[in-house]
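Asks: Residue numbers (the working numbering), protein chains in the order written: chain A, 1 to 103; chain B, 1 to 287; chain C, 1 to 163.
Bear in mind the hints are in silico, worked out from the structure with no lab data behind them.
Check each hint, because a few of them may be wrong.
[Unchecked claim] Chain B is nowhere near these chain A residues, computed Cβ spacing over 12 Å in every case:
(1) 32
(2) 37
(3) 55
(4) 85
[Unchecked claim] Each computed DSS-like pair below joins lysine-lysine, with the alpha-carbon atoms no more than 30 Å apart:
(5) C:71 with A:48
(6) C:96 with A:48
(7) A:32 with C:73
(8) C:133 with C:73
(9) B:69 with A:72
(10) C:133 with B:150
(11) A:72 with C:146
(12) A:80 with B:89
(13) B:69 with C:155
(14) C:133 with A:92
(15) A:101 with C:96
(16) B:48 with C:155
(17) A:76 with C:73
(18) C:133 with A:35
(19) A:72 with C:71
All figures in this text were calculated on a predicted structure; none of them were measured in a lab.
Ideal placement from N, C-alpha and C gives every residue a C-beta, glycine not left out.
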Amino acid sequence: MASSIRVRATSNGDITEVQTLIQHPMDTGLVKDSKGELIPAHFIQELKFECNGKDVFVANWGTAVSKDPYVKFSFKGAKKGDELKISWTDNKGASDTTTAKIA
Amino acid sequence: MKTPFSLLLGSVGAALVACALTSPRVVAADKVDPVADAKAFQNFFFQKFPNVKREDFVNGPYSMNEDMKRQWQEKEEFPPYEFALDAGKEMFATPFKNGKTYADCFPNGGIGIRQNYPYFDTKEGKVITLELALNRCREANGEAPYSYVKDEMASLTAYMAYTSRGKPMDIKIPDDPRALEAFENGKRYFYTRRGQMNFSCASCHVQSPGERIRAETLAPALGILNAMPIYRSEWSGMGTTSRRFVTCNSQTRAVPLEPQSDEYRDVEYFLSYVANGLPISGPGARP
Amino acid sequence: MTTTTGPHPTRRLILLGAASVALIGLGNLPFAARPASAAANDKYPEEAFKQKSEADAIKALYGRTAEPSDKVKLDAPEIAENGGVVPVSVTTTLDKVTSISFFVAENPYALAASYRIADGTIPGVANRLKMAKTTKLVAIVEADGKLYSATKEVKVTVGGCGG
Numbered sequence: 001m002a003s004s005i006r007v008r009a010t011s012n013g014d015i016t017e018v019q020t021l022i023q024h025p026m027d028t029g030l031v032k033d034s035k036g037e038l039i040p041a042h043f044i045q046e047l048k049f050e051c052n053g054k055d056v057f058v059a060n061w062g063t064a065v066s067k068d069p070y071v072k073f074s075f076k077g078a079k080k081g082d083e084l085k086i087s088w089t090d091n092k093g094a095s096d097t098t099t100a101k102i103a
Numbered sequence: 001m002k003t004p005f006s007l008l009l010g011s012v013g014a015a016l017v018a019c020a021l022t023s024p025r026v027v028a029a030d031k032v033d034p035v036a037d038a039k040a041f042q043n044f045f046f047q048k049f050p051n052v053k054r055e056d057f058v059n060g061p062y063s064m065n066e067d068m069k070r071q072w073q074e075k076e077e078f079p080p081y082e083f084a085l086d087a088g089k090e091m092f093a094t095p096f097k098n099g100k101t102y103a104d105c106f107p108n109g110g111i112g113i114r115q116n117y118p119y120f121d122t123k124e125g126k127v128i129t130l131e132l133a134l135n136r137c138r139e140a141n142g143e144a145p146y147s148y149v150k151d152e153m154a155s156l157t158a159y160m161a162y163t164s165r166g167k168p169m170d171i172k173i174p175d176d177p178r179a180l181e182a183f184e185n186g187k188r189y190f191y192t193r194r195g196q197m198n199f200s201c202a203s204c205h206v207q208s209p210g211e212r213i214r215a216e217t218l219a220p221a222l223g224i225l226n227a228m229p230i231y232r233s234e235w236s237g238m239g240t241t242s243r244r245f246v247t248c249n250s251q252t253r254a255v256p257l258e259p260q261s262d263e264y265r266d267v268e269y270f271l272s273y274v275a276n277g278l279p280i281s282g283p284g285a286r287p
Numbered sequence: 001m002t003t004t005t006g007p008h009p010t011r012r013l014i015l016l017g018a019a020s021v022a023l024i025g026l027g028n029l030p031f032a033a034r035p036a037s038a039a040a041n042d043k044y045p046e047e048a049f050k051q052k053s054e055a056d057a058i059k060a061l062y063g064r065t066a067e068p069s070d071k072v073k074l075d076a077p078e079i080a081e082n083g084g085v086v087p088v089s090v091t092t093t094l095d096k097v098t099s100i101s102f103f104v105a106e107n108p109y110a111l112a113a114s115y116r117i118a119d120g121t122i123p124g125v126a127n128r129l130k131m132a133k134t135t136k137l138v139a140i141v142e143a144d145g146k147l148y149s150a151t152k153e154v155k156v157t158v159g160g161c162g163g
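Please build the complete structure, drawing on both the sequences and the hints.
Replies: Below, the structure written as structure tokens:
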């Protein structure tokens with residue numbers, strides 16, 4: 001099974017731009033399925049970006065983040081070839097991690 | 001069902017007028033002339049939307065509305081069909097149990113050929129769509145067919161469309177009366193009103209592209225299939241051409257047909273042919 | 001644009017009520033330590049995500065209120081093509097930014113996302129949020145211990161909480 005995390009990290013001078021798309025249902029717990037039963041809430045709570053041993057960006061999410069969440073940000077201090085570690089955990093305790101080389 | 005001739009004339013009135021000026025043959029309604037039809041169809045849209053670039057029609061409602069276009073461009077930075085595309089690429093490369101692959105079933109190993117589908121098979125005397133060809137490929141290799149509407153089928157067609165992006169749609173109508181009949185059947189289906197709301201496909205997608213129907217902005221019929229398959233936010237997922245036809249029917253409260261029924265295959269043949277020359281843009285993202 | 005039809009007036013009152021309670025609350029604690037900032041706190045802000053109104057959520061997350069600032073640029077569509085996927089982003093020219101948060105006032109739970117911005121990270125973020133209906137969207141930037149906000153109305157015709 002492929003990773004749930006897709007990352008594009010590109011360096012432009014001193015600034016690295018990071019875009020991430022994660023495969024996750026982000027169920028709100030307020031929607032009913034076709035049988036009329038509530039689909040329990042299932043959503044990513046924390047998404048962390050680590051580079052050179054430092055958390056550069058941490059997301060805390062609720063249920064109002066869209067299905068297959070997307071986030072974009074930029075940070076300084078990294079260069080091409082550095083590794084960016086991305087990890088998430090959801091409200092059911094599931095998690096996933098991946099690393100991406102900055103291009 | 002009676003052919004509503006007057007309705008047909010009504011919904012393509014402008015197109016017919018436009019083309020009657022250049023091509024008097026069209027007046028003879030008993031003669032099937034796909035070349036003239038395609039020309040009239042395209043000219044109708046080009047004249048109705050003089051500010052839309054021709055190759056932009058394949059972007060559906062986003063070609064019609066600037067604010068929506070901007071939201072779409074932001075989404076395209078990391079498009080929601082990305083996962084389906086990756087899955088499709090992997091599936092396409094994974095051999096069947098017998099060791100063969102999808103590539104063995106298609107010309108050019110299946111790469112960059114989306115623009116040639118559907119085609120008319122003169123041996124069988126029927127229209128063969130890409131979705132149909134994929135399932136036949138599976139069955140010929142001892143694998144169970146996939147659902148036509150979403151999931152694996154959408155992933156596979158997403159990948160095949162992606163390898164064909166930018167190539168102009170290139171549908172052929174061979175010199176075979178059955179091919180002309182399939183085209184004509186598809187055209188008839190497209191312009192025939194049906195269902196509780198008494199809508200034809202053309203009521204929305206020829207007469208009213210860019211208008212809102214309830215909350216949704218209607219896509220132009222021209223190039224609508226060039227973007228297939230699509231990730232629809234409304235579906236929270238991917239859907240194929242089959243799914244698009246089924247939901248169009250059910251949204252107008254008509255009874256949807258079976259995916260890949262003859263009528264759907266014919267209407268796909270018609271709609272793809274009249275979009276000849278416009279680029280493949282699939283997989284697409286839609287509201 | 002502000003249209004006050006339907007349940008809006010009542011809701012406004014409730015929101016105002018909550019805000020004044022928050023202010024009184026702060027007024028009563030003049031010598032208390034600065035409320036813990038989101039950035040200083042590594043824990044998932046469970047309580048803030050449970051609050052229904054944006055005023056309560058802001059209070060639970062930051063413990064104080066924000067002042068509007070034109071240095072916070074909030075970008076969101078006027079009409080969302082689909083409430084389930086609304087592209088929203090914030091940029092700011094403020095210095096020493098430690099966090100950025102998004103509140104969707106009309107959602108069942110107002111707090112949508114909160115981002116901790118490290119030193120050296122550009123203060124800005126783009127994400128995609130769900131909006132249940134036409135709503136006020138609030139972005140808060142925490143900079144040098146103070147809160148700054150920007151607000152925008154987003155019209156939603158197809159809600160983000162359906163199937």
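Asks: Please go over all the hints and tell whether each is borne out by the structure.
Replies: Status of the hints after comparison with the structure:
1. For residue 32 of chain A, the condition that its CB be more than 12 Å from all CB atoms of chain B holds, with the nearest at approximately 14 Å.
2. No beta-carbon of chain B comes within 12 Å of the beta-carbon of residue 37 of chain A; the shortest separation is about 18 Å.
3. With a closest Cβ-Cβ approach of about 22 Å to chain B, residue 55 of chain A is found to remain outside the 12 Å limit, as its non-interface label requires.
4. At roughly 19 Å from the closest C-beta of chain B, the C-beta of residue 85 of chain A stays outside 12 Å, upholding its exclusion from the interface.
5. With a C-alpha separation of about 26 Å, the suggested pair residue 71 of chain C and residue 48 of chain A falls inside the 30 Å cut-off, and the hint holds.
6. About 20 Å separates the Cα atoms of residue 96 of chain C and residue 48 of chain A, which keeps this hinted pair within 30 Å; it holds.
7. Under the criterion of a C-alpha separation no larger than 30 Å, the hint pairing residue 32 of chain A with residue 73 of chain C is inconsistent with the structure, at around 36 Å.
8. The suggested pairing of residue 133 of chain C with residue 73 of chain C holds, with an alpha-carbon distance near 22 Å, which does not exceed 30 Å.
9. Between residue 69 of chain B and residue 72 of chain A, the direct Cα distance comes to roughly 19 Å. Compliance with the 30 Å bound is thereby established for this hinted pair.
10. For the suggested pair residue 133 of chain C and residue 150 of chain B, the alpha carbons sit about 28 Å apart, so the restraint of at most 30 Å is met.
11. Proximity of residue 72 of chain A to residue 146 of chain C is assessed by CA-CA distance (about 24 Å); at most 30 Å being required, the pair is judged to hold.
12. Between the alpha carbons of residue 80 of chain A and residue 89 of chain B the distance comes to roughly 28 Å, so the proposed pair stays at or under 30 Å and holds.
13. At most 30 Å may separate the alpha-carbon atoms for a hinted pair to count; residue 69 of chain B and residue 155 of chain C meet this at roughly 16 Å.
14. A hinted pair counts as satisfied when its Cα atoms are at most 30 Å apart, and residue 133 of chain C with residue 92 of chain A qualifies at roughly 28 Å.
15. At most 30 Å may separate the alpha-carbon atoms for a hinted pair to count; residue 101 of chain A and residue 96 of chain C meet this at roughly 28 Å.
16. With a C-alpha separation of about 28 Å, the suggested pair residue 48 of chain B and residue 155 of chain C falls inside the 30 Å cut-off, and the hint holds.
17. Between residue 76 of chain A and residue 73 of chain C the alpha-carbon distance is near 21 Å, which keeps this suggested pair within the 30 Å criterion.
18. Between residue 133 of chain C and residue 35 of chain A the CA atoms are separated by roughly 25 Å; this keeps the pair inside 30 Å, and the hint holds.
19. Distance check on the hinted pair: residue 72 of chain A and residue 71 of chain C sit about 20 Å apart at the alpha-carbon level, within 30 Å; holds.
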